[in-house]
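Novice: Each chain is listed here by its residues.
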Amino acid sequence: MACLNKLSLVILSVLVLTASLASATQDPELKQCRHQCKHQRGFEEEQRQQCEQRCEEYIREKKHREREEEGYSRRSRESREEEEEKEESGERIEQNNPYLFEAEHFDTSVRTEEGRVHILKKFTERSKLLKGIENYRVGFLEANPHAFVAPVHFDADVIFFVASGRPTVTLLREEKRETFNLERGDVVHIPAGTPAYIVNRDEREKLFIVNLINPVYLPGEFESFHGPGGEDPESFYKAFSWKVLKAAFKRDRDEIERLFGQQKRGGITKASREQVEELSRHAEGGGGGGPIWPFKGETKGPFNLFRKHPVSSNRYGSLFEANTEDCKDLEDLNLMISFANITKGAMIAPNYNSKATKMSFVVDGEGWFEMACPHTPSEQGRQRGGGSAWQGEKSGKKFKRITGRLRRGMVFVVPAGHPVTAIASQNTNLQILCFEVNAKGNTRYPLAGRKNIVNNMDNVAKELAFGVPAREVERIFKSQNEEFFFPGPTQQEEGGHRAYM
Amino acid sequence: MACLNKLSLVILSVLVLTASLASATQDPELKQCRHQCKHQRGFEEEQRQQCEQRCEEYIREKKHREREEEGYSRRSRESREEEEEKEESGERIEQNNPYLFEAEHFDTSVRTEEGRVHILKKFTERSKLLKGIENYRVGFLEANPHAFVAPVHFDADVIFFVASGRPTVTLLREEKRETFNLERGDVVHIPAGTPAYIVNRDEREKLFIVNLINPVYLPGEFESFHGPGGEDPESFYKAFSWKVLKAAFKRDRDEIERLFGQQKRGGITKASREQVEELSRHAEGGGGGGPIWPFKGETKGPFNLFRKHPVSSNRYGSLFEANTEDCKDLEDLNLMISFANITKGAMIAPNYNSKATKMSFVVDGEGWFEMACPHTPSEQGRQRGGGSAWQGEKSGKKFKRITGRLRRGMVFVVPAGHPVTAIASQNTNLQILCFEVNAKGNTRYPLAGRKNIVNNMDNVAKELAFGVPAREVERIFKSQNEEFFFPGPTQQEEGGHRAYM
Amino acid sequence: MACLNKLSLVILSVLVLTASLASATQDPELKQCRHQCKHQRGFEEEQRQQCEQRCEEYIREKKHREREEEGYSRRSRESREEEEEKEESGERIEQNNPYLFEAEHFDTSVRTEEGRVHILKKFTERSKLLKGIENYRVGFLEANPHAFVAPVHFDADVIFFVASGRPTVTLLREEKRETFNLERGDVVHIPAGTPAYIVNRDEREKLFIVNLINPVYLPGEFESFHGPGGEDPESFYKAFSWKVLKAAFKRDRDEIERLFGQQKRGGITKASREQVEELSRHAEGGGGGGPIWPFKGETKGPFNLFRKHPVSSNRYGSLFEANTEDCKDLEDLNLMISFANITKGAMIAPNYNSKATKMSFVVDGEGWFEMACPHTPSEQGRQRGGGSAWQGEKSGKKFKRITGRLRRGMVFVVPAGHPVTAIASQNTNLQILCFEVNAKGNTRYPLAGRKNIVNNMDNVAKELAFGVPAREVERIFKSQNEEFFFPGPTQQEEGGHRAYM
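Protein chains in written order, with UniProt numbering: chain A, 1 to 501; chain B, 1 to 501; chain C, 1 to 501.
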């Protein structure tokens, strides 16, 4: 552990140095970073390689960031034009968007050669407007083929969604061991405190698991506890005194010390082909192996979201959903999980959830979302005062458009009641996984398309609400015949805003 | 919207101006306000009328406020005398009362010619002692005969109690529409996110609905969302970009723009007699129409509080109650609703709720309440420190009397465990609607009258607790034979304090 | 009340005076304190005696505190040596321990000649790391033989565990009275708002009751309400105005005033033998009287923890447990209660709770505990920032050892997921009562002994996790054959650290 920590320190100082070179181009920076790695005293060959790898990674990320920023300013130029157009038409866009999260909002909590774990910061650190989901965290695990994720337990309930790779997950529940061979689309609940380990049994595909984390003790905060382990990941056994460990294990200090000093390779390591086979051999089969899920209420353990019939599907997209009525685990967690695959160029009907608040993770593709937000800009960064509502003429309440470009790895939050839509780019399908909390009794209300709420109103209510004859309301609200996925705005509709796609 | 906003601004500046005239009597102030309305450039006739109306309303409110303040100082003189009397007798009164709310503690969230919605500010803005109910809001809706309240949904569960008028309420639940013709005493739950609209089908009586609001996302804060609407109430559809709206509706921008620009009359408008008839024609009938409610556990939808047998009734008053065992909706919300009609000159037995905290809304009449409060004065405005309890001699714990005059529209809060009583004036019945949260398993303990807790004690416990022979305890606690409503203090008892009645 | 308050003031000033005498030895201090009592004007004989008693008590406590501090500095010298030893071996100990509570962390809320009630301060006053249990309070009641605890209700659910004495507890539930003759090991739930009184029917043994308090209104804060009572404990009836009391009781003011002025002896008084007999005569019998508990789900009312078969027992200790599946009351409170009796010189297996957080009260004996804590020292006193977790190499996450000596009356908290062990001294059994909140679905995972989690892993996982062949892992993890209680570290193991035992 000590030497790894030293390594980290060296890399940090190297990076700080190189980052401070004002006009550094790619080569000089990387060159200097590597140079420092090479001439660091006390480094063995392996450490030197790691150091250099870290240099390259840093440079890659930096470049990516620069491109991002460039992209932003390009987009910002464009959106300025767009905004001008919109100001004419009286529209409002919210630039400062506390509901959208990118790479920079994640913390790295594990990073080894074989994989990494990134966790989104606490929602309430971003904005008081996210207080409603303060006890949730979102994250992901990415690991190489045949990577092994060391045994660990959390003081949190954790939901895994397998987006790619073929993980074998083992849970240690009291005296019995449960092993599941999972596939893409499988959802598994790791109850708080349950030790679990994972191996990616795929020898080609990377493992990508999206997590929802629901701490059981401190609001919005959780910790990992490695029992099996050594110096890295450090075992919590090492916190006990020697006299206690000797009595607990009935072994000598030397032996114990040796055992808990061996593992030094980090929380995600590489398993051999034989080890992978051994670990996955006795598995019970995941949610993808069984009959079409679910048998209402019976399900315990993993299930596959894609084995269920989609709740909505046409050639513009498909929506898969598992809710509190499908599965005991989801009921206990008051959670709904849905997956929308929006065909390229298509869109989801504007809609809102009646009770549930949605944390959406972009699993693949590109596009953008738009959300109507009733809060005033001044409220967005700080505690709101009175928060009065149902505000008509007096306060001049306005809905602002919250919008943001979406791509793989991004997260956006949609609070209960807020109308939202998502649109896939012209080039790729947009795939979004949603964790919807406070899900019990939730209804998804479509705001356009065949079953929209306005069609369902009395004619008189339509007239009174819109101030025009009912048939004029219907002309607008009954043209779209599709149900939940529509053809999206076409190229020509967007005018000069191709970049936005 | 723009012109209405301008109107608001003008009115505001007019009011500020007139309000600053130091020694203004009624006429000059009103005169100047009207004058400004008349000479405001760009106002059409209708706007001018609205402006003047607003002037009058402002003056009315100002006068009311002045009368109030006068009343306060008169009462304050009186209560000073009263206090002196009480100091002799060792009593303590708490003047600063965070449990009582008047008109000034409400925010206006809608106000049109046809009606208004007032919502009490967040409880925790008033005092940390109200933290236990921080996720609730109380409000009311008042509207003219034949007024129409535009379709809206909230990110909150909302309970309606009909105090007067005959509303027809329509809920849009997914694909079905539910319409109820309600009467006085009906209670209906609008689940979070459910679009609803209301028309007062009575052509003479004003509609008065008391609300309890339980936000589902942000603690103690909620928002209203108008889908159907135009410029006022503004539709949230207007927050989406044109390209999205065009794709969602499959219509041209011009058409869409026209539709969402028409409605400019505000969230509460007037319906014609024909429209009212049409809106109420297909109603299922409210809670007042069915057989005597409830059939235990079955009820879903509205019910009428007065159709149930009162849980307590004599010639001094009646108590109606619906609790978590009566109704699935109430169970889900962990809520109890009760209505006390205290005969003029009578009182409720001092009592406390074992678990539930009570938000009481004075629906009609006048009177006052008294509550025993264990908190020290210094705690009332700020966060309490240790909050130690069960305090005997060491800390010299005292109960303070929290008291306040009650009249229509006032709210008072009674925390769990706190002994309280309410007394009707000699002139009118006092009618109080109570929302009691954390209601599951609650017991109401009477502190005087036939079933009081002291009567239920062992004789030995009476002796030890009071330090006198049991029969002396009983002489006090067994004289009152009534059960929950008693004859109140009589005129002569009060001495010079008639005004307090 | 007035004179008692005066008494308190005098005692306070006397104590302040005497405490300020720099080099005071026992005699002079006590002497001066007594002198002041004697010469205080206006004191009657009884008050003078109380005053002197208080002096002696103060001196006793002061001496105790001094011995404690001495003990600390001795221990601190020792632990410095120990630390040095540990630094060599790379161990970390956390000196500042927010999880451990001693006498100084309790507030006295009642103290009379016959008994006292001490309540632990709010957990969040100590550390933000205790936020997960902020709505719980722990306390205890100690009273003499034949002491009577006056009728009282709380705005909190209260759990009583009888550690010694034989209390007769009476609950007033609406119109019926329930009386239970309890014994050591009995657990009873006093639901929020339920008036209760207690008499210790044992004529020799002191009553000692440990409390868990779960406020129903303000988070982590509760109050006591005495109805029956007079000046001390003060009755809340006295907060109502005379005109209200006269109407409520239909009696004259004089009579009422007399009744509520009699009781002046404080919340815990002495009952005569006849009164004790009368109070306990009609009891239903406690949890100890019935057949072996529980009949699953049926139990309502008291039960005896020791009547149940221990969930784990050998010659090194016994563990008794009642959980949410055993008892409706515990299920409603989401609570588990357990009692560990660790044989002298023995230890509990290191273990953790998967979901539940444990508040442990040392009922008897001495020893110490060790806990592995993942939080960094800087977090311990203040709000944590991001609280990222699952931290591997990058953040250099370390587990610290939280440790503390245990003796009767101390409390320690073990959050969910945290590995912990407790060790009895060589001289006495260590008896610990645990309230475990968030208990539903909790599993206790042993980290050593026959059923430890590592034994349950695949061999391949053992190899990958520890970086050594599986048989080497097993050599350590399979030597200890006992299940939950082990022989503890022996005298010789500890070297020079006897004092720590």
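Rather than coming from a laboratory, the hints here were simulated on the basis of the structure.
Misleading hints may appear alongside valid ones.
To be verified - Below, in silico cross-link-like pairs of lysine-lysine (DSS-like), each with a Cα-Cα straight-line distance of 27 Å or less:
(1) B:Lys-131 - B:Lys-308
(2) B:Lys-440 - C:Lys-328
(3) C:Lys-206 - B:Lys-440
Stated by the list, open to error - In silico negatives: residues of chain A with every beta carbon more than 10 Å from chain B:
(4) Lys-131
(5) Glu-284
(6) Glu-370
(7) Asp-458
Just so you know, even glycine gets a beta-carbon here, dropped at the ideal spot from N, CA and C.
Novice: With reference to the structure, classify each hint as holding or not holding.
Specialist: Okay, the hints, checked on the actual structure:
no.	hint	result
1	B:Lys-131 - B:Lys-308	violated (33 Å)
2	B:Lys-440 - C:Lys-328	holds (14 Å)
3	C:Lys-206 - B:Lys-440	violated (37 Å)
4	Lys-131	violated (6 Å)
5	Glu-284	holds (36 Å)
6	Glu-370	violated (5 Å)
7	Asp-458	violated (6 Å)
In this structure, the hints that do not hold are numbers 1, 3, 4, 6 and 7, in rising order.
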